[in-house]
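Fit chain B to the known structure of chain A by using the hints.
Protein sequence lines, in the order shown, are assigned to chains A and B. Counting from 0, one number per residue, gives the positions in the first sequence under this note's numbering. Counting from 0, one number per residue, gives the positions in the second sequence under this note's numbering.
Just so you know, not all the hints are guaranteed correct.
Heads up, the list lumps identical chains together, so a pair's fine if it works in one copy or across two of them.
Restricting the straight-line Cα-Cα distance to at most 30 angstroms, the calculated cross-link-like pairs of lysine-lysine (DSSO-like) are [unchecked claim]: (1) Lys130 x Lys391; (2) Lys391 x Lys159; (3) Lys359 x Lys391; (4) Lys74 x Lys391; (5) Lys340 x Lys24; (6) Lys89 x Lys422; (7) Lys359 x Lys289; (8) Lys158 x Lys92; (9) Lys130 x Lys417.
Because the hints were derived from the structure by calculation, they are not lab data.
2 protein chains.
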Amino acid sequence: MAKSEQDSTHVVIVGGGFAGLNAAKVLGKNSSLRITLVDRRNHHLFQPLLYQVATAGLSPAEIASPIRSVLAGYKNTEVFMGEVTGVDLKSRKVVIEGSPPLSYDYLVLACGANHSYFGHEDWENFAPGLKTLEQATEIRRRVLLAFEQAEKESNPEKKKELLTFIVVGAGPTGVELAGAISEISRYSLERDFRNIDPSRTRVILIEAGPRILASFSPELSKRAARDLEKLGVQIWTSSRVTHVGSDGVQLGNEGLRAATVVWAAGVQPSTLGKSLGVPLDRVGRVIVQKDLSIAGHPEVFVLGDQACFESEEKALPGLAPVAIQQGRHAALNIVKTVVGKPRDDFKYLDKGQLATIGRKLAVLQFGKFQMGGFLAWLTWLFVHIFYLIGFKNRVFVFLQWTWSYFTFRRGARLIMDKDWRHKD
Amino acid sequence: MAKSEQDSTHVVIVGGGFAGLNAAKVLGKNSSLRITLVDRRNHHLFQPLLYQVATAGLSPAEIASPIRSVLAGYKNTEVFMGEVTGVDLKSRKVVIEGSPPLSYDYLVLACGANHSYFGHEDWENFAPGLKTLEQATEIRRRVLLAFEQAEKESNPEKKKELLTFIVVGAGPTGVELAGAISEISRYSLERDFRNIDPSRTRVILIEAGPRILASFSPELSKRAARDLEKLGVQIWTSSRVTHVGSDGVQLGNEGLRAATVVWAAGVQPSTLGKSLGVPLDRVGRVIVQKDLSIAGHPEVFVLGDQACFESEEKALPGLAPVAIQQGRHAALNIVKTVVGKPRDDFKYLDKGQLATIGRKLAVLQFGKFQMGGFLAWLTWLFVHIFYLIGFKNRVFVFLQWTWSYFTFRRGARLIMDKDWRHKD
Numbered sequence: 000m001a002k003s004e005q006d007s008t009h010v011v012i013v014g015g016g017f018a019g020l021n022a023a024k025v026l027g028k029n030s031s032l033r034i035t036l037v038d039r040r041n042h043h044l045f046q047p048l049l050y051q052v053a054t055a056g057l058s059p060a061e062i063a064s065p066i067r068s069v070l071a072g073y074k075n076t077e078v079f080m081g082e083v084t085g086v087d088l089k090s091r092k093v094v095i096e097g098s099p100p101l102s103y104d105y106l107v108l109a110c111g112a113n114h115s116y117f118g119h120e121d122w123e124n125f126a127p128g129l130k131t132l133e134q135a136t137e138i139r140r141r142v143l144l145a146f147e148q149a150e151k152e153s154n155p156e157k158k159k160e161l162l163t164f165i166v167v168g169a170g171p172t173g174v175e176l177a178g179a180i181s182e183i184s185r186y187s188l189e190r191d192f193r194n195i196d197p198s199r200t201r202v203i204l205i206e207a208g209p210r211i212l213a214s215f216s217p218e219l220s221k222r223a224a225r226d227l228e229k230l231g232v233q234i235w236t237s238s239r240v241t242h243v244g245s246d247g248v249q250l251g252n253e254g255l256r257a258a259t260v261v262w263a264a265g266v267q268p269s270t271l272g273k274s275l276g277v278p279l280d281r282v283g284r285v286i287v288q289k290d291l292s293i294a295g296h297p298e299v300f301v302l303g304d305q306a307c308f309e310s311e312e313k314a315l316p317g318l319a320p321v322a323i324q325q326g327r328h329a330a331l332n333i334v335k336t337v338v339g340k341p342r343d344d345f346k347y348l349d350k351g352q353l354a355t356i357g358r359k360l361a362v363l364q365f366g367k368f369q370m371g372g373f374l375a376w377l378t379w380l381f382v383h384i385f386y387l388i389g390f391k392n393r394v395f396v397f398l399q400w401t402w403s404y405f406t407f408r409r410g411a412r413l414i415m416d417k418d419w420r421h422k423d
Numbered sequence: 000m001a002k003s004e005q006d007s008t009h010v011v012i013v014g015g016g017f018a019g020l021n022a023a024k025v026l027g028k029n030s031s032l033r034i035t036l037v038d039r040r041n042h043h044l045f046q047p048l049l050y051q052v053a054t055a056g057l058s059p060a061e062i063a064s065p066i067r068s069v070l071a072g073y074k075n076t077e078v079f080m081g082e083v084t085g086v087d088l089k090s091r092k093v094v095i096e097g098s099p100p101l102s103y104d105y106l107v108l109a110c111g112a113n114h115s116y117f118g119h120e121d122w123e124n125f126a127p128g129l130k131t132l133e134q135a136t137e138i139r140r141r142v143l144l145a146f147e148q149a150e151k152e153s154n155p156e157k158k159k160e161l162l163t164f165i166v167v168g169a170g171p172t173g174v175e176l177a178g179a180i181s182e183i184s185r186y187s188l189e190r191d192f193r194n195i196d197p198s199r200t201r202v203i204l205i206e207a208g209p210r211i212l213a214s215f216s217p218e219l220s221k222r223a224a225r226d227l228e229k230l231g232v233q234i235w236t237s238s239r240v241t242h243v244g245s246d247g248v249q250l251g252n253e254g255l256r257a258a259t260v261v262w263a264a265g266v267q268p269s270t271l272g273k274s275l276g277v278p279l280d281r282v283g284r285v286i287v288q289k290d291l292s293i294a295g296h297p298e299v300f301v302l303g304d305q306a307c308f309e310s311e312e313k314a315l316p317g318l319a320p321v322a323i324q325q326g327r328h329a330a331l332n333i334v335k336t337v338v339g340k341p342r343d344d345f346k347y348l349d350k351g352q353l354a355t356i357g358r359k360l361a362v363l364q365f366g367k368f369q370m371g372g373f374l375a376w377l378t379w380l381f382v383h384i385f386y387l388i389g390f391k392n393r394v395f396v397f398l399q400w401t402w403s404y405f406t407f408r409r410g411a412r413l414i415m416d417k418d419w420r421h422k423d
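Just chain A, with the same shape it has in the complex:
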């Protein structure tokens, strides 16, 4: 990596999600800077559509772009595929597994978040979360395999278990997953099976809080619940999962048997934040200053799901628009500092919230304005197409959706093995 421009200011960005990628795009325009973006993966992932990969609607490559390609036009920018294991704030170095440490003048941390199992990490094997493409294809494998196994199962108890899908956590991801799984069974698989009635599938959405989509208004939350129930989803609110095993979940003294459990509850930020030795919030996010840097280290910025930015006494939620705006803002603050100008405070411009429930159904909230149904769904559709990175992805996702809309089919009903080695 060491180039002749050793004297130019070096910005290291960790993470190629919404925050990191948008920071890189702003910084890349300043030829006086040298930028290195480090990510453990080769691709930027459009997380809002991940549930569609998990439910066989889209293929992984349709919602992912190689970070390297996205940033290829910025000649001052390098992309480094590697695992960051630590940050040395004193010597201003990023520690990377298997590679020499990377020195920085400015550091942007945007490592995102994972699902939290609230101390029960062993539950993950029985209930995958949905943060990566690997997890999405694993969930897809489990969901489709459950239908295949139900088709050949003669024991009615086991068949029922195979046709029970539990989604834990009723935030947008949980709602989207539950709605999509219910739709698959009602519309997409009906004519393909002989020995099961896919419409008898039980999809149970479990939420510890008193209502689903807690970040939306109570009215929208009620509307979404009604829409989900029409699709056949059973909603259990105020229900806390106390155990997850290979045969289902336990909720206190109640037990639910299910072959497929998906985890969409709780979020915990990347553990890299902990190693900084700066104040964290309750869930472990790094508390950042008004300019998005951390206290005592104006050269270090923490963004997106990994950061806790308090706005009007409330921490900003882990949404794509927050990450995008923070990425751009942190980059502008770095540029300002380099040219000797004062930094600006970050202000979040509310872009509203959207959650889709199913075909023609979504909820939308924008400030005081709120909407449900078909129009909200159309808005959801176009917003997601618009924000997808890459012209090709936009066109292909649009075509996939058009095809699915008219045929009621899913485009990627593929069960792939975990092991690639040949059998037989």
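The following block gives chain B in isolation, referenced to the frame of chain A:
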């Protein structure tokens, strides 16, 4: 599975490849029959385009269709996802892992073939073959990862090793893989990397025989070699690999260091054939009669890559048209037998051979007619689009190719981890 039509003639098909699927489509039209197709996978795979998944041109779902959906219109047909472990010819039962055995009146075996490592099965870890989607995505992972690692490698020896790609076996698959990898490095990745010159990639195609594409005429074989060399592929004929390890391959007393080795040599049929106790040919294929059934068991048919059918003293090659025609023919022979008519002998209608080398380059041989270059490539393109199963796949593959053709990019440059569990 046990239905009320217990008395109707039951045909069991093992394998949902070209042969099995085409047999099922013919049999499905006869409502007096009851058909069960068993496959260990949920999808039919369009193998001729598998190398495009391995080289990031297409996504897995674009060349795969759920077998269940393809056959959904045939109400007398059931699809059973399961692993067949044996056949009991005497009691006319198929043994399936974890399920009760399946009785048949007629049996169609079309289990295909795998690559053969000539007794060195341990080489597979270092040199995956290309028969399944899992293997294709594993090869894609290795190829793309090698470029990523080369980008950050400062040791020139190691960098060279990372940028060396060896393809063993110069049949159509090997030629297609070598051409595509060379193209990726020359056209697709050039602008994305800073510290490597992807055009300095070495792609070495190793063939034990005296020439590449041995099933084609010597002239076409020469033409293909010239075209490949223009793309930067180095061809080593009359070279036998004697060892494969983590750091490359050994050819007698010569050694080649390479981070990525792909195996496209030798083919061995499914081992299920062996368990039948009937005569096999040299490579292990089941020798079939003129009507495609096996000697002494007119109720059992073996088709496609798993079968050895001698035509004019030569065994038919393992090509899709052979499998398709055999599938249909065996099905017709079953129908004839059921209604008391005599069976017909199978005659292969030569559909010619095609192999693509790269952008605008292919070779085509049809009887005495042969052709290379752009027109052969166009033919290759339309034949493959035409034979793809499913309208949607055809449209999407066509669009992907159009996009790639004009942008020189690959649509699925995705490195996915082998483990889905979350890190950090």
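Taking the numbered hints from earlier one at a time, note which ones the structure violates and give those numbers from smallest to largest. 2, 7
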